[in-house]
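K.L.:
What follows is the residue order along each chain.
Protein chains: 4
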Amino acid sequence: MTHKSGRHFLQLPGPSNVPDRVLRAMARPTIDHRGPAFRDLFFALQEELRWIFGTQHPVLVFPSSATGAWEAALANTLSPGDAVVAFEQGFFASRWAQVAARFGLEVRLQAQDPRRGVDPQAMEALLRADPGHEIKALLVVHNETSTGVTTDLEAIGRVVRDSGHPALLMVDAVSSLASIELRHDAWGAHVTVCGSQKGLMLPPGLSFTALSLAALGAHRSASLPRTYWDWSEQLTAGEQGSFPYTPATNLLYGLREALSMLCAEGLETVWARHRRLAEATRRAVGAWGLDVFAEDPWASATVTAVEVPDGADADAVRSVILEAFDMSLGTGLGFLKGRVFRIGHLGDLNDLTLLGALAGVEMGLGLSGVSRTAGGVQAAMDHLSETVT
Amino acid sequence: MTHKSGRHFLQLPGPSNVPDRVLRAMARPTIDHRGPAFRDLFFALQEELRWIFGTQHPVLVFPSSATGAWEAALANTLSPGDAVVAFEQGFFASRWAQVAARFGLEVRLQAQDPRRGVDPQAMEALLRADPGHEIKALLVVHNETSTGVTTDLEAIGRVVRDSGHPALLMVDAVSSLASIELRHDAWGAHVTVCGSQKGLMLPPGLSFTALSLAALGAHRSASLPRTYWDWSEQLTAGEQGSFPYTPATNLLYGLREALSMLCAEGLETVWARHRRLAEATRRAVGAWGLDVFAEDPWASATVTAVEVPDGADADAVRSVILEAFDMSLGTGLGFLKGRVFRIGHLGDLNDLTLLGALAGVEMGLGLSGVSRTAGGVQAAMDHLSETVT
Amino acid sequence: MTHKSGRHFLQLPGPSNVPDRVLRAMARPTIDHRGPAFRDLFFALQEELRWIFGTQHPVLVFPSSATGAWEAALANTLSPGDAVVAFEQGFFASRWAQVAARFGLEVRLQAQDPRRGVDPQAMEALLRADPGHEIKALLVVHNETSTGVTTDLEAIGRVVRDSGHPALLMVDAVSSLASIELRHDAWGAHVTVCGSQKGLMLPPGLSFTALSLAALGAHRSASLPRTYWDWSEQLTAGEQGSFPYTPATNLLYGLREALSMLCAEGLETVWARHRRLAEATRRAVGAWGLDVFAEDPWASATVTAVEVPDGADADAVRSVILEAFDMSLGTGLGFLKGRVFRIGHLGDLNDLTLLGALAGVEMGLGLSGVSRTAGGVQAAMDHLSETVT
Amino acid sequence: MTHKSGRHFLQLPGPSNVPDRVLRAMARPTIDHRGPAFRDLFFALQEELRWIFGTQHPVLVFPSSATGAWEAALANTLSPGDAVVAFEQGFFASRWAQVAARFGLEVRLQAQDPRRGVDPQAMEALLRADPGHEIKALLVVHNETSTGVTTDLEAIGRVVRDSGHPALLMVDAVSSLASIELRHDAWGAHVTVCGSQKGLMLPPGLSFTALSLAALGAHRSASLPRTYWDWSEQLTAGEQGSFPYTPATNLLYGLREALSMLCAEGLETVWARHRRLAEATRRAVGAWGLDVFAEDPWASATVTAVEVPDGADADAVRSVILEAFDMSLGTGLGFLKGRVFRIGHLGDLNDLTLLGALAGVEMGLGLSGVSRTAGGVQAAMDHLSETVT
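Just so you know, the protein sequences line up as chains V, H, Y and E, in that order.
First residue of the first sequence: -3, per this note's numbering; consecutive thereafter.
First residue of the second sequence: -3, per this note's numbering; consecutive thereafter.
First residue of the third sequence: -3, per this note's numbering; consecutive thereafter.
First residue of the fourth sequence: -3, per this note's numbering; consecutive thereafter.
Please keep in mind that the hints were generated in silico from the structure rather than gathered at the bench.
Predicted model, so just to flag it, every value in this text is computed and none were measured.
Yeah, the Cβ is synthetic: ideal placement off N, Cα and C, and Gly gets one too.
There could be a bad hint or two in this list.
Unchecked claim - Simulated restraints, written as ranges between beta carbons of each label pair:
1. V:-1 - Y:369: 36 to 44 Å
2. H:35 - V:260: 45 to 53 Å
3. E:53 - V:365: 24 to 32 Å
4. Y:319 - E:47: 44 to 52 Å
5. V:262 - E:315: 22 to 30 Å
6. H:236 - E:-1: 33 to 41 Å
7. H:35 - Y:233: 45 to 53 Å
8. H:365 - V:35: 46 to 54 Å
Isolated chain V, as found in the complex (with noise of 0.2 Å):
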């Protein structure tokens, strides 16, 4: 078996690289799940879960990928036939609306310029052309993963909430949570779902949901059928610091140290991060001739999705940089299968691992001969060099 020296570069928009610290709490003893010191865990994770959702409600974790927290969402606040409001922003907007169809739901899919966020005018004519409150929810993406394009989710949140339309506000923030800006509470969301391998820095196989209190107060009547994902048996056991099943405990040893790192690092510098070493990659994908599939001022400060010119295959170029540079990349999902690829740059990140990530990049578009056109790295340095602090 040959071995590749050096670090593996995994520039996914998630899993992001999960930092030593994390990996090393992880690696804790496992513990009686219904015993006194899981329940001190409990009560400490709630609190910092709290604070980085920017709410005042518990948040529920689920041993689960994010895909679950999508049909929790649903299925704990809405009946067979209920409708629901979705947005074609991409390839996991259009996931979660296809749970809701499966679930016996009545989607109302929107069209839309997945380059662009969902646009807040857009979403208060549709709340003012349903008088009748037939729609019960709107499905959101904050952060569409598979185009790098932010929605301004304050703004979609304001017009909501000024719209006095019922309908529940859902936001997917799975690759936006602890890397963009995101308040909960104050901009209005009712349910928003994340998962555990984006800017919360762990492994897969954990969930979170934030809730509100019309989600609760919806949660009440909904009737779709749920055991797993039922929000009120994880409220109740919560309230006893334990779980109705068994969790996964060693994820949250992990959940733990990263909260505590998102925290020493402060949430604000957090965000500032992530948008500078977005704008650094930006600059670099200019320089190379090529186009961010995002148009400004949607690209997303977490992943970039690079399109590659007429004819050549973006796949073709992950599978030279992978090959010659030991770097993972993302690939391009849906309808943009072959035409884009995407760098994450999100989670435990700094200057020179981006830097190092770009040059791959750089260097295997020039072998690929998709881009002969050096200096996206240099305008990177010159961006980062810039804006040092």
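Position chains H, Y and E against the provided structure of chain V, taking the given hints into account.
P.N.:
Then chains H, Y and E, alone, in the frame of chain V:
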């Protein structure tokens, strides 16, 4: 903050002690779950999981607790209103039945002496009494963790098969797999579900599901809603060596390590080890003058529920032991609350650790005033000495 | 390759069991040993090392086994031909004397009952008989690891100080520090050396040396050659928070963690814990009808050397126990080869692990035919139950 | 406490980055160093160490830094007053000479251009000028870590052998072994010493010594005092698969893992990788308009000392880089203090990490005002792209 010297004794019937090797394996960096290295891991795990379940069919792995696999078993094979039979085996059997009820299935609960395994003759009678094949599934817990009672699954499987009744035999093997003999294909199980944190020696966070052709057949016409738990998506993705959504990669690393340890020890040896340590435990209980909840020959090889005398509180004993000797024992669940404590003796365990654990129980019983009869550890040592290999 | 289930019992008198926390701390990335982060680590460790030795002076840390610190103690304070006194305490005392001899020192070996500690009165007589102060150093092993015999170091120190004799009192505290009370400054020790793998709960690879002003005075005129072991270079570099050559950084991480665990438990508690577990061990030995090599009150709190009956081979017992119960015990060293086995009961240890270990010894004695008398574990349990806190 | 996101860049010429695999291997529980499992480890390591040194003779392993192995090399083969030759290669060569002087050897220091390797012709002349064979040893640093200059050791060895002079060729391979081609037996080295924290990718704490028959012959009559460093005790114990005193067991675990990684990569590949990354580094330095301290063709494959312009302070540059980009570079040592900084490019390293590091240097030079010429990273990328395999 004070510190307790030495290693905590985690003698629950799950989570069991996670071996250091497994914890270290889990600390490897997370990789791209859509890349070639992951594919290799996936297929290697499939081979090994089929071996541990004794099946030729794919084994599904969900990022979830085993509770989720219960739900998945039902939602993937049944339709609203279908009749399923469950047995009053104990706390976990009842919970599975509740899941079925919440999904709109007609649950036919069979009375059952909780000190004994499910009776093959009763099963036979039950199936014979259903000539119209209304019963679509039989929910059987192989080893009921709350009571320490093991059902003769081979006999049950034979009866079901011989009956010609098409009901699916669904097995909860949560606290038996990789500890107590179980042969999914050979014994005629149709769906067997398990979690990671018991015989498989992992932290919690993964569930496993073994299938049969009949189960797959039922799956095609089952109409209960499902997305996260959908078997088809898992099977389709699995053919490519991937999952339909982000898997719990680092737990899969641990799984690989655990399975390789089980393979190196040998499955027959693993089963015999559990039987031997369980017998030593029961001899200790007998010497203390206490009763094992399970009747012979149904006493479990993985967990022993010990009854405390009338007037005593089993949870008070557990508290004394936790405080004085830093050992966690299992609590009594459901109707056994306060009446039993449970000693887990499964997973990564050897003679000396078990004897240390039994010493802690013996001393704790004395300190609690519940049993001042010594000699339990001695009885266990005698058995282990006589049967040393 | 076969695999043994469960955790190996490492009941040597060192290396002792390294706590998981320490192993994880050691797994942190190596840092620049000349940078600011290392400096912080260095000074924090100095504080904590002075606390654990009970000294106000610097504590030197060598990347070496404790054997190296023996050599350093001599080479830094003495000149060729200087007379040193050593006592026939046992294997390790003799080895230290051999080191002295090989460096051209005149070793005056004092006869000594190895079952007893060094006698303060004998020491007093010895010093009185040297009015010309030919003796430059007294080599005393605080706790002789090969015999399980502890010397009353406080009394020895008092005698040396009261005598007015300028000989340096050099102490081997390898198997006593952080387990048995020792106060370097208060008891008048001039050089105290230790290793990492016993009471300090680390893997081997570090040695420690505490000093006195008199030792530093002697150092200035000592003419034995030295470079690696040179105290002055360590002291000079230490003022800047660094080492004269590359230190064993990752072991220092572990040291920090171990010292913080000892601090959280409290040193008095640590000492009391060792005494209590040692007493339980001796009660077990007595119940087996075997003899502890050490005479009262010199029996060690960290290691018990158990004599096997004439005709029996202690190493055969150890082999049986290793094979049957996966436990490592200490071998007999020097003249005790085959006559004793040694049970280590120091470092990161609690009641249940000790009882598991004693159960292994009891069963192993039975299987070997050496002692068929049971009751040792019972006697230990009785003691531990009576003295539980 | 603040927290810096992302991974620290440790670009010292040692310690090099310790791979996660090695850190995890070191986290295995410490075992009995006198038991059978250790014996297996010992003999496996001997095989692998002989392979990495290119020797058929035993390789000695001390728990010490490489400084200790210098001392051991001298003390085991020489007697007071023996003449040894050293060359003014740089800081570490001088330190080795000082060790010799402190042990009472007669050190003949040869002038040497520090920008070049030791000249085989000068060596030849030197030996020819010593017909009486007064010179007993030649101390040659294969790769002087402080200057980044590599000596052609094969040529030196040939000259020494051809000369017929019996002086022992002693080699410091601290920053060359496992990175730069070195063949102990074939090239005629008599003693080759190394440490663990460079090409071997381990944390510091172990030293290694390869021998020759002539060195063993000299050992038998050498009269310098030694105990800890005594080769004979190591050789004798080694025949039984053990050490004369407690070894640094957990570092040995890491060594095993590191050697298996080197073996899987292939030694020729490892050497070529170092040469390629070094060339990329030098191209970057050239593009910045700065000078590599070493002259061609002696520039090292493992470390590049970069001269800063007159008036600039290399340590100030290092501080800026550490502060702004979380990267540690090597300081100038001895007469190069402040005049150079050193980039380590050895051990576990790949293209993208090196490019990240060079980006950090380039930006740091700009921020420091030392070199505002960009293009270094670009030059390195060009080289790496052209030579990608």
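K.L.:
What hints, given by number in increasing order, does this structure fail?
P.N.:
Hint check: 1, 2, 3, 4, 8 fail, others pass.
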